[in-house]
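With the hints as extra help, turn the sequences into a complete structure.
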Amino acid sequence: MRIFVPIKIVPTIVNSNVIKPSSNIEVIQRIYNFFKANNGKLLILTGAGVSTDSGIPDYRGPQGTYVINKNYKPIFYHEFAGQHRFRQRYWARSFLGWPPVQKTKPNSSHIAFTQLQSLGYIQNIITQNVDGLHQKAGTKNILELHGTLHEVHCMQCGHIQKRSNYQDILNELNPEWKEFLNQIESFKIKPKVRPDGDVDLPSNTSYETFRYPSCDQCKKGIYKPSIIFFGENIKSSVKLIASDMVKDCSAIMVVGSSLVTYSAFRLIKSAHDSGKNIVIINSGETRGDNLAWLKIEMLCGDILPLISQQITELIDFQK
Numbered sequence: 060m061r062i063f064v065p066i067k068i069v070p071t072i073v074n075s076n077v078i079k080p081s082s083n084i085e086v087i088q089r090i091y092n093f094f095k096a097n098n099g100k101l102l103i104l105t106g107a108g109v110s111t112d113s114g115i116p117d118y119r120g121p122q123g124t125y126v127i128n129k130n131y132k133p134i135f136y137h138e139f140a141g142q143h144r145f146r147q148r149y150w151a152r153s154f155l156g157w158p159p160v161q162k163t164k165p166n167s168s169h170i171a172f173t174q175l176q177s178l179g180y181i182q183n184i185i186t187q188n189v190d191g192l193h194q195k196a197g198t199k200n201i202l203e204l205h206g207t208l209h210e211v212h213c214m215q216c217g218h219i220q221k222r223s224n225y226q227d228i229l230n231e232l233n234p235e236w237k238e239f240l241n242q243i244e245s246f247k248i249k250p251k252v253r254p255d256g257d258v259d260l261p262s263n264t265s266y267e268t269f270r271y272p273s274c275d276q277c278k279k280g281i282y283k284p285s286i287i288f289f290g291e292n293i294k295s296s297v298k299l300i301a302s303d304m305v306k307d308c309s310a311i312m313v314v315g316s317s318l319v320t321y322s323a324f325r326l327i328k329s330a331h332d333s334g335k336n337i338v339i340i341n342s343g344e345t346r347g348d349n350l351a352w353l354k355i356e357m358l359c360g361d362i363l364p365l366i367s368q369q370i371t372e373l374i375d376f377q378k
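Count the sequence shown with the numbering used here and you get residues 60 to 378, in order.
Hints may be right or wrong, so weigh each one.
[Stated by the list, open to error] DSSO-like cross-link-like pairs, simulated, lysine-lysine; straight-line CA separation at most 27 Å:
#, residue 1, residue 2
1, K283, K237
2, K294, K199
3, K100, K328
4, K195, K279
5, K298, K132
6, K100, K306
7, K294, K306
8, K306, K132
9, K283, K95
10, K100, K199
11, K162, K251
12, K100, K221
13, K294, K95
14, K283, K306
15, K162, K100
16, K199, K335
17, K132, K162
18, K251, K298
19, K251, K164
20, K306, K251
21, K164, K335
22, K95, K328
[Unchecked claim] With beta-carbon atoms standing in for the labels, derived distance ranges:
#, residue 1, residue 2, range
23, I228, G179, 31 to 37 Å
24, A140, Q161, 55 to 61 Å
25, S295, P250, 34 to 40 Å
26, E244, K278, 37 to 43 Å
27, H143, P234, 18 to 24 Å
28, P250, K278, 29 to 35 Å
29, I84, Q276, 39 to 45 Å
30, K162, N200, 24 to 30 Å
31, G179, C216, 40 to 46 Å
32, Q215, F289, 26 to 32 Å
33, K237, F289, 28 to 34 Å
No lab work stands behind these hints: they were computed from the structure.
Ideal placement from N, C-alpha and C gives every residue a C-beta, glycine not left out.
Printed below as a string of structure tokens:
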């Protein structure tokens with residue numbers, strides 16, 4: 060029976076303590092041994108690189124938002140919380156960006172995680188992504204470190220509602236923008252969706268007419284997407300769950316993340332300081348490279364599905 064099938068893409072493995080392999084066969088074998096050694100106690104930490112094959116851009120990859128648009132500046136928490144005009148700008152662009160985000164489907168990497176979890180190799184997943192694609196793929200035990208685009212909440216009373224319901228309200232309040240959205244969809248124009256769920260529009264676009272509602276419950280507060288904006292603190296309860304997941308795991312695999320944000324890097328550092336092995340799969344340098352037991356320089360979409368497939372075949376062969 061065929062167990063391993065090498066492909067043309069040859070990975071680079073970076074670590075002074077291991078021998079560089081010459082093909083994907085060795086990569087898969089090492090990852091398989093890593094999975095086996097951790098006996099279902101493996102924690103996965105995913106970043107934006109996992110979702111790029113689904114059409115969700117990252118910030119720092121070769122086609123990332125920061126690379127394509129040198130002038131790009133994400134919205135900051137204090138801007139959204141403090142000024143009406145920033146909220147108008149964000150919600151107008153999010154109004155156009157939500158339909159493609161909602162329709163986005165999991166890619167082969169998301170599916171591979173679900174398969175590997177069903178085989179008993181993965182215990183928990185912490186994701187920096189806000190797109191909900193891990194859940195769409197059927198993966199369980201997920202902590203969304205930076206929140207989710209699929210909900211909004213009142214900044215005053217905390218009332219939560221689905222983003223899809225909020226979109227209906229925005230539709231009613233903004234008929235002209237709704238017509239613009241209908242035109243975009245009818246002509247199959249695909250505006251450039253950004254990592255925080257909004258879209259790029261010309262710099263001279265006016266948002267002065269865009270309306271957004273006050274809270275359904277308290278009638279005073281304003282709704283905010285349930286994601287962590289730049290400059291915003293992660294909830295202490297989320298930090299605690301993440302720390303507990305790190306304590307409970309036997310090792311961590313980082314996939315598709317540069318670990319630039321400290322909220323993710325601190326988890327890797329904590330695991331390393333407690334003597335746990337760290338494997339990183341990422342195309343390009345990461346903040347945690349010097350902490351890694353094994354670093355694989357590859358796009359996750361080029362290797363994860365193959366790993367899942369070949370591990371499944373190996374298990375079947377050994378039965």
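Status of each hint after checking the structure:
1. K283 x K237: 20 Å, holds
2. K294 x K199: It holds: about 21 Å lies between the C-alpha atoms, which stays within 27 Å.
3. K100 x K328: Cα-Cα ~18 Å, so holds.
4. K195 x K279: Measuring from Cα to Cα gives roughly 34 Å; hence the hint is violated.
5. K298 x K132: Since the Cα atoms of K298 and K132 sit roughly 26 Å apart, the hinted pair holds (cutoff 27 Å).
6. K100 x K306: Cα-Cα ~10 Å, so holds.
7. K294 x K306: 19 Å, holds
8. K306 x K132: 35 Å, violated
9. K283 x K95: Violated: K283 and K95 sit about 42 Å apart, past 27 Å.
10. K100 x K199: 14 Å, holds
11. K162 x K251: Between K162 and K251 the Cα gap is close to 14 Å, so the pair holds against 27 Å.
12. K100 x K221: 33 Å, violated
13. K294 x K95: Given pair K294, K95 is violated - Cα atoms ~34 Å apart, limit 27 Å.
14. K283 x K306: 32 Å, violated
15. K162 x K100: 33 Å, violated
16. K199 x K335: With Cα atoms ~23 Å apart, K199 and K335 stay inside 27 Å; holds.
17. K132 x K162: OK: K132 and K162 at ~25 Å, within 27 Å.
18. K251 x K298: Distance ~32 Å between K251 and K298 Cα, so the pair is violated.
19. K251 x K164: 17 Å, holds
20. K306 x K251: Violated, because 39 Å separates the two Cα atoms, which is more than 27 Å.
21. K164 x K335: Measuring from Cα to Cα gives roughly 33 Å; hence the hint is violated.
22. K95 x K328: Satisfied, since the Cα-Cα distance of roughly 23 Å is no more than 27 Å.
23. I228 x G179: 31 to 37 Å: About 43 Å separates the Cβ atoms of I228 and G179, which means 31 to 37 Å is violated.
24. A140 x Q161: 55 to 61 Å: 25 Å, violated
25. S295 x P250: 34 to 40 Å: Holds: the Cβ-Cβ distance is about 36 Å, inside 34 to 40 Å.
26. E244 x K278: 37 to 43 Å: 33 Å, violated
27. H143 x P234: 18 to 24 Å: 20 Å, holds
28. P250 x K278: 29 to 35 Å: For K278 against P250, whose Cβ atoms are near 33 Å apart, the range 29 to 35 Å holds.
29. I84 x Q276: 39 to 45 Å: 57 Å, violated
30. K162 x N200: 24 to 30 Å: 26 Å, holds
31. G179 x C216: 40 to 46 Å: 42 Å, holds
32. Q215 x F289: 26 to 32 Å: Given a distance of about 22 Å, which is not inside 26 to 32 Å, the answer is violated.
33. K237 x F289: 28 to 34 Å: Given a distance of about 29 Å, which is inside 28 to 34 Å, the answer is holds.
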